[in-house]
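Participant: Chain by chain, the residues run as shown.
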Amino acid sequence: MLEIANLRSAYGRIEVLKGMSLEVRAGEVVALIGSNGAGKTTLLRALSGVQPITGGEITFLGERIDRLASHRRVARGILQSPEGRQIFDPLSVEDNLRLGAYLRRDKEIDDDREKIFRMFPTLEEKRSQLAGGLSGGQQQMLAIGRALMGKPKLLLLDEPSLGLSPLLVDQILAAIVSLREAGITVLLVEQNAAAALEIADRGYVIETGRIVHSGPASALLSDPRVKSAYLGFD
Amino acid sequence: QQTVKVGSVLSVTGPASFLGEPEDKTLRMYIEKINAAGGVAGKKIELVIYDDGGDANKARTFATRLIEDDKVVAMVGGSTTGTTMAMIPVFEEAQVPFISLAGAVEVIDPVRKYVFKTPHTDKMACQKIFENLKQRNFTKIAMISGTDGFGASMRAQCIKVAPAYGVQIVAEETYGPRDSDMTAQLTKIKSVAGIQAVINPGFGQGPAIVTRNYAQLGMSAIPLYQSHGVASKSFIELAGPAAEGVRLPAAALLVGDKLPDNDPQKKVVVGYKQTYEATAKQPVSTFGGHAYDGLFILVEAMKRANSTDAKKVRDEIEKTKGFIGTGGIVTMSPADHLGLDLAAFKMLEIKGGDWTLVKPGS
Amino acid sequence: MPEFFQFLVSGLTVGAVYALVALGFTLVYNASDVVNFAQGEFVMLGGMVTVFASAAGVPLPLAALIAVGVSIIVGLLLYWLAIAPARGASAVSLIIITIGASILLRGAAQIVFDKQFHKLPSFSGDTPLNIFGAAVQPQSFWVLGGAAVIVLLLHVFLERTLLGKAVLATAANRLAARLVGINTATIMALAFGGSAAIGAFAGILITPITLTSYDVGTLLALKGFAAAMLGGIGNPLGAVAGGLLLGLLEAFGAGYISSTYKDAFAFIVILAVLFAAPQGLFGRRSVERV
Amino acid sequence: MLAGLSHRYGILIVLAAVMALLPLTFPSGYYFRVASLVWVSAFAAIGLNILMGKAGQVSLGHAGFFGIGAYAVAIGPAHLGLPSLAALVIGAGVSALLAYLVGRPILRLRGHYLAIATLGFGILVALVITTESRWTGGPDGMAVAKLSLFGWRVSGSGAWYWITGGLLLAGTWIALNLDETPTGRAFRALHDSEIAARVTGINVNRFKLQAFVIAAVYASLAGSALAMMNGFVNPDQAGFLHSVELVTMVVLGGLGSVVGSIVGAAVLIMLPQLLTVFQEYENLLLGFIIIVSMIFMRDGIVPMVWKLMSRKRA
Amino acid sequence: MTILAVNDIEIAFGVLKAIDGVSFAVDAGQIFSIIGPNGAGKTTLFNVISGMYRANHGRVELSGEDVTGLVPDALAARGMSRTFQNLQIFQRMTAAENVMVGRHLQENCNLLADLFRLPSVTRQNRATREAALTFLDQVGLRDSADTLAGSLSYGACKRLEIARALAAEPRVLLLDEPAAGCNSVETEEIDRLICRVAGKGIAVVLVEHDMKLVMKISNRILVLDRGRALIEGSPREVRDSPAVLEAYLGKHGAREAGRA
Ligand SMILES: Nc1ncnc2c1ncn2[C@@H]1O[C@H](COP(=O)(O)OP(=O)(O)OP(=O)(O)O)[C@@H](O)[C@H]1O
Ligand SMILES: Nc1ncnc2c1ncn2[C@@H]1O[C@H](COP(=O)(O)OP(=O)(O)OP(=O)(O)O)[C@@H](O)[C@H]1O
Ligand SMILES: [Mg+2]
Ligand SMILES: [Mg+2]
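Residue numbers (our numbering), protein chains in the order written: chain A, 4 to 237; chain B, 251 to 612; chain C, -18 to 271; chain D, 2 to 315; chain E, 549 to 808.
If you are wondering where the hints come from, they were derived from the structure by calculation, not from laboratory data.
Please note: incorrect hints may appear among the correct ones.
Stated by the list, open to error - Using C-beta positions, here's what the derived DEER-type ranges look like: (1) D:ILE12 x A:GLU210: 50 to 58 Å; (2) A:ARG121 x C:LEU134: 47 to 55 Å; (3) E:ASN634 x A:GLU128: 16 to 24 Å; (4) D:LEU22 x B:SER583: 48 to 56 Å.
Every value quoted in this text rests on a predicted model; they were computed, and no experiment measured them.
Where is the CB? At the ideal position from N, CA and C, for every residue including glycine.
Can you build the whole structure from these sequences, using the hints too?
Facilitator: Below is the structure:
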């Protein structure tokens, strides 16, 4: 479904993605793990077209998309819940969700919004409040919900569990699993590597802009190198 | 053939552009004519014009540039009193004659050795208006003035000379240079009982709005006097029907065709008007006329001195006598660097959308 | 008492002028957090193009339409040629660009048109109406009505349409806007074009009262800016409230206090209002969580 | 650390060298005049840059302080019989005091709201100057007594070139000093995040006020210098357009860059002089150049040049 | 010795009572954690304690002194330091400068001395930078000392905030989700860091959703739910509370908590 070949990207003179190749097949959940500053966020930003790339190719559903503007990629079904939540502070929770479906023209938008509210009942309580007043975790829910409102074919999640209570982390992970069942492909960046690999089909490990390991999630989980570097000793 | 450099700093853009622009056009068109006719004192004149945009600090810099860099022998320019006052020290110090086109009396009072000017002073405008008031037996008046340099300076002069004419200013209001509605001020004036006339020292679009608001408030029964600051056809156009009956002191230039044939100024003003309107393709104003007067006072002085030496030219300018300009007949002296008297001003009234001469005594 | 009404009327007239200019700021500000200092130039263009087109024999309504069209084109050019290429520049840099644009537009207008003042005939004649003893120019109603129409349209657009929300979203968080599929470049172009249209419309309505020339923009922009801030920038209702209030302050200040210090009076009141309400009268209260 | 030191003195030495050598290329006194104007404006811009570039607070009314300084040296000698230098000091004191009094309430405002409040302040100053003509000469301004230093009556563009140049050097030195000090860091911190600055113990209001007062004093001194150099003052110097010009200098040259302010001032003072040959196209070109430079040097001229140079070296 | 005592705090946003009568006390050297579902009011409580918000009711004491309603900088001067859940770093300053700002209160700050850069200022500056570098070292950011903070990754920024807060040498340190965005290994480093800080006698108040971390290092835990205290107790008591399990921990959390 998504093929990335030799992708490069830089901030000014500092190259952050140094030729990255990976693929995501339809219906998969793929986990990306790596330490702080490895380039995970940069990769996701490049996929969404909000980070300029300096080389390489991105192919989505057989089409080259690396020259497409960000809104065209959204139109093709690539949606992202970004790092740092990036919600629209001065708009209401409802408006934030409605804007998630900005390019959709179908009739089910309102239904979908109610689905999001069922998923995150806290948000429903605050539906007409300004999103800027939400707590950190509530904003995270909103960011995930907003991405889902876009009816993604490929969903990019940048640390979705960040700032969520353990109970909600469970829920999010469960939700990802059910998204897969609904046919949505997910590329998941997670610091909670163990949890991510538990639900993922496959995984990639990134170190300073390069992919250093890859394979089935279960294999990575038991890989001693991965264990010592990302999972901690236990 | 040798050339002689004459400088000019004008407010061609900015809030005083309606002064600077016709001045600029006039200077350029007549320098061309003079040069085509062989120049002056055997030399062609090279004109150096800078646009100060109405900014006195810029004017000052350009003045320095004219003196130090361009090495001009004389200067005709300075559209506003503000820019003129800023430039005076430069020319005084460099001992280069400076014929200003600005209105205020401070330019030549006290007399400075190298500074002259051509427009009637604002003081004279006040006197001319008060003279007319006296003839009509008006003694209680109101004044509404602009807070720009022109308005503020003329206001001060009017207050100063009013007692001499037995005129009492019983109400006074001001408006900003860019205000677009003066009904509040006029309403206040209207509410003061017994006012026999209203005077509006100001230039630019302000007086046009005052005039329109004046009519809007139904005050037309009280005579309204404008100043020489609006002496161009565009005032009549902007103020529209409301301008009917407005009086103002102005140079003969505006009513050139209405002057009696034996008037000595007639030939000059009609000639200038025709030349200007044909070349610039816009109606003549008295402001361009000031530049015409300044340029020819200078040229005549150079001819008389048969030299382009700054000091000799200055001395000859001071000896100007009976020069017939658009603004009047100029006779200067060491004590008078303007050389005009009240006779140079005509009292005009707007009738049927055109200027008319007010008959003496009415 | 008739004086009071006269002051009120003249305050409302001037205030409506300011309100119309202030409304022009709203769209661009809402899309980009930038106060477009070239906004006054759109007002100038509206007036000047109409004047010159009708002088060339074009009937007034058509001339007005042309003026709006020209302004929209200039607004779009401003965006495409000056704002869009500076993508990623800080708000201050963008504001300086708009200042540059206003100098440029004024410079161009002085060449294309002229440096004279011009007027437009009032739409419904010049016979003043008498209301409670106050004389009102019929054109004042056009200006007030125009402000009412625009504020209504803008309000509905921003609060009730998805496109309007997209405009707000673009200003609130450009990155997030792109991530949900908003074409932020188009939104910005729309905002600039729309602002230009509002400005031109304002210019056409107010010229019969205020007269126009190539350089009327600066002061109008200044007063409009003050009005917008007084009302709370970004909120169309605030822009109108701020404009009317500013006009009333000036008129009553001139009437009851001193015509010389009327601007001072107005600004002191603005400072006092901001002291009590740092976001203006109707500004969006910013929510900043930590 | 050492690099910081040499960097600071490097700038000063280069600036002093430029000042010393420039006159060798001047064909006439007019060039001295233009250069002095650049020095004076740069001095004011550097002060404003401390407020805008370092502390991140806009002021659209800074010409108000410039005007106070200018009128101080006009009114002091003419109406109060003060020597020019005393008037200059008093002007700076009045500006500082006013900045303090005005700054206390309005520096609570942010962004555009602060802009309009400072703008209002500037307009009030200009209005008072224009109106109180008994003291100020009204809209046409008034003459300023020549400065006399130890019996020497300063006159001529040359003398003023050195005086304003010296002033600029001092101003540059002080502004550069601030950079690596607790105060300088506090300014920059509150610029980036007021919230974080406060929890690290920075009294945000106090530092904003300090930056405002410093900038006001710079502007006031520049105004005094210009007035004495010109021999006259008028209300334009306190006007809104002059405020905008100062802000443009700061942003064009580079927010936060001291050298940038000098370059920005040089560009904005010299451009109109260069553009006069284009006559009526002058404004068009001026606007065009401002736009183009902001597009291609969006962080300002000097930071952009720095970046290019360091890229070449790498 | 009680350093921080919070008494019956109450604050509302409109109709919503974000904090409703919460009290607790923290001793020197203690690690006190506050946990609870999203929107429970943890960050709001921090904002009240650190003076960002003014409470409608209640009292905050710092070493016995009533500091209720003091502004943040005044609180900082009395030894309170904090980090933020939503990053608040000085983007346009380098990492080292960020931490140097953190030492603001430790420095002599005199405007005139700074304007003329007296030798004492230069000396002090050198010392401050040295100190800043050691704090950066403690969070593992020494190598990034001269990098602009705006170009650091999310996790690095979180650690930079901690270094800045530590640089103030506080008596009370409030940490709002310090481990968010860090993987298990990095979290363990933070865990050691916090223990070291507490070991120096600083009272640490920690808000965190990483149960492994919380259960491992906390002396006491306060559980908030909808603005009210659900329970306060030792890690074991909290972990075993069915109410906490249901409202907050869930399966995953319980397992994590169990691992500690
Ligand atoms: N705006 C920026 N400018 C310059 N460098 C940047 C910028 N943003 C990120 N970087 C650098 O790029 C590298 C990769 O950053 P990125 O944010 O992609 O990491 P990450 O893997 O998402 O880390 P984390 O887990 O901390 O979020 C880091 O070294 C970071 O310092
Ligand atoms: N400024 C505000 N305006 C309106 N509501 C607010 C504001 N600040 C907080 N709230 C509300 O108060 C409640 C508590 O928020 P708080 O941020 O303290 O939660 P939290 O416990 O820190 O949650 P999280 O774990 O998600 O960070 C939330 O419901 C939030 O929406
Ligand atoms: Mg990341
Ligand atoms: Mg929180």
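Participant: Each hint needs a verdict: does it hold in this structure or not?
Facilitator: Against the structure, the hints:
1. Between ILE12 of chain D and GLU210 of chain A, the C-beta spacing of about 42 Å breaks the proposed range 50 to 58 Å.
2. In this structure, ARG121 of chain A and LEU134 of chain C break the distance hint of 47 to 55 Å, their C-beta atoms being roughly 37 Å apart.
3. For ASN634 of chain E and GLU128 of chain A, the hinted distance range of 16 to 24 Å is satisfied, since their beta carbons lie about 21 Å from each other.
4. Judged by the Cβ atoms, the range 48 to 56 Å given for LEU22 of chain D and SER583 of chain B holds: they are separated by roughly 50 Å.
Consistency with the previously given hints fails for numbers 1, 2, ordered from lowest to highest.
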